[in-house]
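Below are the chains, spelled out letter by letter.
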Amino acid sequence: MNAYVDVTALPAPAYPPHARTYRYDEVDREFLQERIAEFSGQVERRLAGALTEDEFKPLRLMNGLYLQLHAYMYRIAIPYGILNATQLRQLAMIARRWDRGFGHFTTRQNIQFNWTRLEDVPDIMRALADVDMHAIQTSGNCIRNTTTDEYAGASPDEVADPRVYAEIIRQWSTLHPEFTWLPRKFKIAITGAPHDRVALQAHDVGVVVRKNAAGETGFEVWAGGGLGRTPVLARKIRDWVGEDEFLAYLEAVLRVYNALGNRDNIYKARIKILVRDLGDEFAERVEAEFARLPKRKYRLDPEIVDQIASHFAPPPFAALPDNPQAYAQALDGNAEFAAWAKQSVRAHKAPGYASVTISLKPIGGIPGDASAEQMEAVATLAERHSFGEIRVTHVQNLVLPHVRQEDLLAVWDGLRAAGLATPNIGLISDIIACPGMDYCALATARSIPVAQMISERFASLDRQLDIGECFINISGCINACGHHHVGHIGILGVDKRGAESYQITLGGSATNDAAIGELVGPGFAYDAVTDAVETILRTYVAHRAAGERFVDTYRRIGLAPFKEALYAVA
Amino acid sequence: MPLLEDGRLVADDWVTVADDAPLPDPPAILTLARLRAEDLAGRNAPLGLALDPATQPEEIADLLPRLSLVAVLLPKSKDGRAFTQARSLREHHGFQGEIRATGHVLPDQYRMLLRCGVSTVQLPEGADPAVWTRSADLVDIAYQPARDAGAPLGLRRRRLERV
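In order, the protein sequences belong to chains L and W. Just so you know, the first sequence maps onto residues 1 to 570 in the numbering used here. Just so you know, the second sequence maps onto residues 1 to 163 in the numbering used here.
Okay, chain L solo, but in the shape it has when bound (with noise of 0.2 Å):
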């Protein structure tokens, strides 16, 4: 019993070329066969009554099923947020075959469909297999889909490439035996740059990939942060961990976490608090763990690290010089396509190249959201243009990572046609929201028309400019699934006595200055929320200093005039 064919070495099957995700080969294949196999089975159980709704909850949820308000809402997994064309098509064929012809790109970089029937998901199962993707593990009390950079093997200032690690991470985190019924859910987030864009201390484990001065590869490790009820920034564990112990020392910290998790009350059950009430200790405790571990079992070998590396080498760049005429005369002659490209083009590694993020939040829509023919739209433009890649980024957007800035023009073209250039991408209308009360069987107050109406207020371009970066998060319960506390401007929907009321708070920031946004003062009724919003920014706009962002005055200049502004008797 349990021994073992070793089969690492099998063939990788032929794929879309260049895009850079994880190619599966025969014996990933055959898992998730086997993966569709056992969840069918379960529902078998469940529907003869061999299972309780009780035992076979947590399952379907580490299938990524849940039951919510009107229907199954089915949570697809992307690994650390990269897919190729293929899969985005296959995806708009889902959202068009067994839902309402529309996907909801989350912050955890996955995608979710919010009217699926519990008889299809066996089919929708085997057509997410045929292009390599599946829902294991989006859901339920595991170690969840791992996070990453968006502009990861794009990004000038990166230092090393997080996918490489991400992909370890997924493998070692595939129905782990030991971490599949953990106290809560447990979410890791890598970054290999030294910008966080992946919201590090929001989450129950951060990673910075890292060189040292000999040119290794190490890791920093941050704990115990979260959002929800209790929103804690997590704290760094360890500087500096070796390559080759990354997972001895991720599963030191996962096993303290298993052994010691509070399991009686499931809001005190994350890592947070664990790593919050042990404060020191819970380092000690992870090191004294890590001590004792077989390292050699639990090496993580360089050729492995190697042969995954090989998945995300980068694409055949050309030569190419940077600002070509093109791209220039472009910018210069059309006023529109300059002022999306100031928001949506980003600097790229390679010369001659950008990164183009795509908003998903027009004006007055659902911030997330894109329709079939919007998805089979950005698949189009990857293959054209981006080596077939597209991301998903943690605040809901899409990005398209390695375009030639020649071809820049023709992208936007491709993306306004498409309904797709919403030149807002950081600015006030760019809104994280959570599905909230239209969809959501938690939420105890709705998010998205609040998104909406904020997003319509303030949906003169000169007059967003003008306010600049600032990232309003809305959720609709204490859940925080929209990172309400980590929004420069948060709001979080409560019930109130069968009202929806809205407590906003202010200077929160998910990234290298992350903090927890303090509370403003009562909260406010759902009609009065945008204008509270409204009055926020006047009051930003009458006090700022010249180059300051809404969060750097905020900073300056405290809680105090807010206030003052928002609750003075008129």
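Be a bit skeptical, because a hint or two may be false.
[Claimed, not checked] Taking lysine-lysine and the DSSO-like style, the derived pairs with C-alpha atoms no more than 30 Å apart in a straight line are:
{"id": "1", "chain 1": "W", "residue 1": "Lys76", "chain 2": "L", "residue 2": "Lys342"}
{"id": "2", "chain 1": "L", "residue 1": "Lys496", "chain 2": "W", "residue 2": "Lys76"}
{"id": "3", "chain 1": "W", "residue 1": "Lys76", "chain 2": "L", "residue 2": "Lys211"}
{"id": "4", "chain 1": "L", "residue 1": "Lys187", "chain 2": "L", "residue 2": "Lys211"}
[Claimed, not checked] What follows is a list of derived Cβ distance ranges for each label pair:
{"id": "5", "chain 1": "W", "residue 1": "Ala18", "chain 2": "L", "residue 2": "Arg497", "range": "45 to 55 Å"}
{"id": "6", "chain 1": "L", "residue 1": "Thr511", "chain 2": "W", "residue 2": "Gln56", "range": "30 to 40 Å"}
{"id": "7", "chain 1": "W", "residue 1": "Leu9", "chain 2": "L", "residue 2": "Pro314", "range": "31 to 41 Å"}
{"id": "8", "chain 1": "L", "residue 1": "Glu53", "chain 2": "W", "residue 2": "Pro27", "range": "32 to 42 Å"}
{"id": "9", "chain 1": "L", "residue 1": "Glu53", "chain 2": "W", "residue 2": "Glu125", "range": "35 to 45 Å"}
{"id": "10", "chain 1": "L", "residue 1": "Arg229", "chain 2": "W", "residue 2": "Asn44", "range": "52 to 62 Å"}
{"id": "11", "chain 1": "W", "residue 1": "Leu64", "chain 2": "L", "residue 2": "Pro314", "range": "51 to 61 Å"}
{"id": "12", "chain 1": "W", "residue 1": "Ala130", "chain 2": "L", "residue 2": "His18", "range": "43 to 53 Å"}
{"id": "13", "chain 1": "L", "residue 1": "Leu47", "chain 2": "W", "residue 2": "Leu9", "range": "18 to 28 Å"}
{"id": "14", "chain 1": "L", "residue 1": "Ala525", "chain 2": "W", "residue 2": "Ala18", "range": "56 to 66 Å"}
{"id": "15", "chain 1": "L", "residue 1": "Asp239", "chain 2": "W", "residue 2": "Asn44", "range": "49 to 59 Å"}
{"id": "16", "chain 1": "W", "residue 1": "Pro65", "chain 2": "L", "residue 2": "Leu47", "range": "29 to 39 Å"}
{"id": "17", "chain 1": "W", "residue 1": "Leu64", "chain 2": "L", "residue 2": "Asp239", "range": "27 to 37 Å"}
[As the list claims (entries may be wrong)] Per the computed footprint, the stretches of chain W lying under chain L, defined by three or more beta-carbons under 8 Å from a beta-carbon of chain L, are:
{"id": "18", "segment": "31-38"}
{"id": "19", "segment": "75-88"}
{"id": "20", "segment": "101-114"}
Worth flagging that the hints you see were computed from the coordinates, not collected in a lab. Yeah, the Cβ is synthetic: ideal placement off N, Cα and C, and Gly gets one too.
Fit chain W to the known structure of chain L by using the hints.
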């Protein structure tokens, strides 16, 4: 209650003894309190411990040489502390005896329990062992190291032998 070992029902020689019951002759599973309190120096029959999910294996390390069995408990199927206890008993303490999973265990957890070092599972009355072996054999590919006999080291995929 039926006992599952290597996918088959086997005879259970052990009795679980309440703290206030007299100590019987056959192999007995006791609580930690009883094991600590009772003078067992003269006893030759095998001893087992019913390990509470909240007790860390370190706390019972001194007793392990006297124990032939440790029973770990899943109070609810989703309470997975037993997985870490079992792994720790094998990996850190070199415990060679029987590790028995008790409580609310699902067939869907059988393979994972085995991979963490559990050797037997106490089944509910009337359970069909075939359901358990089928469930364990459904997914036979694993991506990470565990207690798989002779398994490769580190992050290498492996095919598990049928139960």
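Hints, verified against the model:
1. W:Lys76 / L:Lys342: 54 Å, violated
2. L:Lys496 / W:Lys76: 34 Å, violated
3. W:Lys76 / L:Lys211: 44 Å, violated
4. L:Lys187 / L:Lys211: Distance of about 24 Å is within 30 Å: holds.
5. W:Ala18 / L:Arg497: 45 to 55 Å: 51 Å, holds
6. L:Thr511 / W:Gln56: 30 to 40 Å: 38 Å, holds
7. W:Leu9 / L:Pro314: 31 to 41 Å: Since Leu9 of chain W and Pro314 of chain L have Cβ atoms about 57 Å apart, the given range 31 to 41 Å is violated.
8. L:Glu53 / W:Pro27: 32 to 42 Å: The hinted range 32 to 42 Å holds for Glu53 of chain L and Pro27 of chain W, with Cβ atoms some 38 Å apart.
9. L:Glu53 / W:Glu125: 35 to 45 Å: 22 Å, violated
10. L:Arg229 / W:Asn44: 52 to 62 Å: 55 Å, holds
11. W:Leu64 / L:Pro314: 51 to 61 Å: With Cβ atoms ~53 Å apart, the hint holds.
12. W:Ala130 / L:His18: 43 to 53 Å: 48 Å, holds
13. L:Leu47 / W:Leu9: 18 to 28 Å: The hint (18 to 28 Å, Cβ to Cβ) holds, given that Leu47 of chain L and Leu9 of chain W are roughly 27 Å apart.
14. L:Ala525 / W:Ala18: 56 to 66 Å: 60 Å, holds
15. L:Asp239 / W:Asn44: 49 to 59 Å: 53 Å, holds
16. W:Pro65 / L:Leu47: 29 to 39 Å: 49 Å, violated
17. W:Leu64 / L:Asp239: 27 to 37 Å: 36 Å, holds
18. 31-38: The restraint on the segment 31-38 of chain W is violated, since only 0 of its residues have a Cβ under 8 Å from chain L and three are required.
19. 75-88: holds (count 10)
20. 101-114: holds (count 7)
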